[in-house]
Amino acid sequence: MAIASMTITSERERVIDFSKPFMSLGISIMIKKPVKQKPGVFSFLNPLSKEIWVCVIFSYIGVSIVLFIVSRFSPYEWRLLSYTHEESHHHGLHHPAGAPPPTLLANDFSILNSLWFSLGAFMQQGCDISPRSISGRIVGSVWWFFTLILISSYTANLAAFLTVERMVAPINSPEDLASQTEVQYGTLYHGSTWDFFRKSQITLYSKMWEFMNSRSHVFVRTYDEGIRRVRTSKGKYALLIESPKNDYINEREPCDTMKVGRNLDAKGFGVATPLGSPLREVVNLAVLSLIETGELAKLKNRWWYDRTECKHGDKDASRNELSLSNVAGIFYILIGGLILAMAVALLEFCYKSHSEATRAKIPLSDAMKAKARLTIGGREFDNTRKRETLFQYYSSGNAINQQESDQLHSNTHTQV
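Quick note on UniProt numbering: the sequence shown kicks off at 1 and runs consecutively.
Incorrect hints may have been included.
The calculated DSSO-like cross-link candidates involving lysine-lysine, where the alpha carbons are at most 27 Å apart (straight line), are [claimed, not checked]:
#1 LYS50 x LYS33
#2 LYS298 x LYS20
#3 LYS259 x LYS36
#4 LYS234 x LYS311
#5 LYS234 x LYS267
#6 LYS300 x LYS259
#7 LYS199 x LYS33
No wet-lab data here; the hints were simulated from the structure.
Assemble the whole structure, with the sequences as input and the hints as a guide.
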């Protein structure tokens, strides 16, 4: 009878009998632990993935454009400004002598001011202008909520990235290993793992076998030789080894190896007995009993992990960057809010156009065309009748904040 790290295979089963597997395992990848990297000068970008940063930039531009559009369509964002003779001369507005001073239709949210408002909100600094219409306030509200969640998530993750030295492994999966040639890999010559790759019909494993078979020097005669090669290769060699052996070595000094990726297959270790030996049934019952009582699991924890010679304090300190899927919800809320704001702005525009058409007794289409022309570009009005009609249309918007109707913002790029 033989008790060892002997994998149950069909070829071995032809000449000896195996008991029930007393340990499940699979082929795993052993590499040398990478050197810890200190935070770089741009490590403040690490808490969020590149996809999130790109989406934030596009969101900022999109919010600014939507805010500009809804502010143009909503009558509550427009203000009538009457200049004195001195002010009109100062601003280069010429009008005939004796005529009333020109009246301007002004909107605080030009494209530059919209960009500035969005940037101020994103930086948590605020701005000297704020939307007065319902649609504009919807845009501002969803953008504030978006920046609140994003900045809170960023701040919570930032400290770990600036204080923890991170280990970046060059290989993280069998696919990574097979898709490159810089890190060579091999296994025990004529072992069960070697035989597995030689016979495998799976595309990934066949590709790995072709790589190893074309470089015979990657195979090793003993596991100790392979482990020494991993430790002395400076990260340029990976050993394909059974997972129990991999886990055990990783818990022993000098603690410079690690297991990466998933197991490549599933198999087990069994107790070998002679063909037809009555010991097989006795061993089977004993193995099943030890599994059911949890004794085998206790033994593995005792010899593999409880008596570890390595420290694992860094595992708790490590952090992963937030991916787009982690914060996708706030992007959905932002998009929904922008759509709602545009719908409200359109309703405000239609309602005011209908009110003006009813009051002036003109077709609704003519009123909407006139208001659309005013929305697209604020124009100078120096005709008394036009000023009165326009003031009647936009008086409800000015009623929101009458004091703001009397003067331009001196430190903003006001759209005229």
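Hint-by-hint comparison with the structure:
{"no.": "1", "hint": "LYS50 x LYS33", "verdict": "holds, 26 Å"}
{"no.": "2", "hint": "LYS298 x LYS20", "verdict": "holds, 18 Å"}
{"no.": "3", "hint": "LYS259 x LYS36", "verdict": "holds, 16 Å"}
{"no.": "4", "hint": "LYS234 x LYS311", "verdict": "holds, 21 Å"}
{"no.": "5", "hint": "LYS234 x LYS267", "verdict": "violated, 31 Å"}
{"no.": "6", "hint": "LYS300 x LYS259", "verdict": "holds, 17 Å"}
{"no.": "7", "hint": "LYS199 x LYS33", "verdict": "violated, 31 Å"}
Hints 5, 7 from the list above are not met by this structure, while the remaining hints are.
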